[in-house]
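**Student:** Chains as they are written, first to last, in our numbering: chain U, 54 to 200; chain W, 54 to 200.
Treat the hints with care, as some may be off.
A pair counts as met if it fits within one copy or between any two copies, since identical chains are not told apart.
To be verified - The calculated DSBU-like cross-link candidates involving lysine-lysine, where the alpha carbons are at most 35 Å apart (straight line), are:
#1 Lys56 with Lys195
#2 Lys149 with Lys195
#3 Lys195 with Lys103
#4 Lys195 with Lys140
#5 Lys103 with Lys56
Hints listed in this document are in silico derivations from the structure and should not be mistaken for laboratory results.
Quick caveat, the model's predicted, so the values are computed rather than measured.
There are 2 protein chains.
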Amino acid sequence: MPKIDLAAMEQTNRTGYPPQFAAAVADRWVRRLGPAAGLADFGISHVVLKPGAASSQRHWHEDEDEFVVMLSGEAVLVEEAGRVLLKAGDMAAFPKGHPDGHHLVNESGSDCAFLAFGRVPMGDAHYPDIDLRWSGGTYSHKDGRLF
Amino acid sequence: MPKIDLAAMEQTNRTGYPPQFAAAVADRWVRRLGPAAGLADFGISHVVLKPGAASSQRHWHEDEDEFVVMLSGEAVLVEEAGRVLLKAGDMAAFPKGHPDGHHLVNESGSDCAFLAFGRVPMGDAHYPDIDLRWSGGTYSHKDGRLF
Numbered sequence: 054m055p056k057i058d059l060a061a062m063e064q065t066n067r068t069g070y071p072p073q074f075a076a077a078v079a080d081r082w083v084r085r086l087g088p089a090a091g092l093a094d095f096g097i098s099h100v101v102l103k104p105g106a107a108s109s110q111r112h113w114h115e116d117e118d119e120f121v122v123m124l125s126g127e128a129v130l131v132e133e134a135g136r137v138l139l140k141a142g143d144m145a146a147f148p149k150g151h152p153d154g155h156h157l158v159n160e161s162g163s164d165c166a167f168l169a170f171g172r173v174p175m176g177d178a179h180y181p182d183i184d185l186r187w188s189g190g191t192y193s194h195k196d197g198r199l200f
Numbered sequence: 054m055p056k057i058d059l060a061a062m063e064q065t066n067r068t069g070y071p072p073q074f075a076a077a078v079a080d081r082w083v084r085r086l087g088p089a090a091g092l093a094d095f096g097i098s099h100v101v102l103k104p105g106a107a108s109s110q111r112h113w114h115e116d117e118d119e120f121v122v123m124l125s126g127e128a129v130l131v132e133e134a135g136r137v138l139l140k141a142g143d144m145a146a147f148p149k150g151h152p153d154g155h156h157l158v159n160e161s162g163s164d165c166a167f168l169a170f171g172r173v174p175m176g177d178a179h180y181p182d183i184d185l186r187w188s189g190g191t192y193s194h195k196d197g198r199l200f
């Protein structure tokens, strides 16, 4: 049957960020549902943020639409445009190419969980707050030097 | 801000099904979130099923992955392989090309709501229970006669 068995799926806090940017996501626990469920058209991440953890460094993608739906708990969505609290059932959409970095931060005292949807980005991602960029399939400093 | 304002989005019970197959989805109320939110990489439907309503006729797609997550209430997922109850937070995945028709039916006495993700299918969809097929961008009888 196609029902997802979360408990049977690997959960990881791995990150590709350079060490100086990794602490913010150390308590972000991710399950990649798409490959486990046999889906290839889009990516689906089930994400648990422990108190204090962020979903990512604040960023935006040139060529990847993103969508999130909160399943439990709450997190603050942070953008240049402002802050907004997302509770269970709340959703947010991030169209590709919109140059306002976003991330979710669990500022509560309890875990929160959400689903994040996207596709594998081929183009660049931009990190307005830190000296990081994603380009050509790798992270580097903004000036292109590798870490 | 990118937070979705559901109440501001049009909700419709329109269907492209021929009249003889439309009654099952008459109490299915859909909001298309992707276009309203500026997303194009994948489709996102917010669906409310009134008691007795189905998400669709039971079907499977040759070339479209589908994924659902229940937001509130409950529905029964029906396949050849069996029946399983989906409650808030439960998820299910339907890989393209898996020839087991599926749909959700609200057999409870209260509304349920879920999100459905997919992409615009270019290939055929198959409806094992009824004389219907989806091919070349249109519905027809299984033998190809148009309605």
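**Student:** Would you list, in rising numerical order, the hints stated earlier that this structure does not obey?
**Tutor:** Nothing - there is no hint that the structure violates, so all of them hold.
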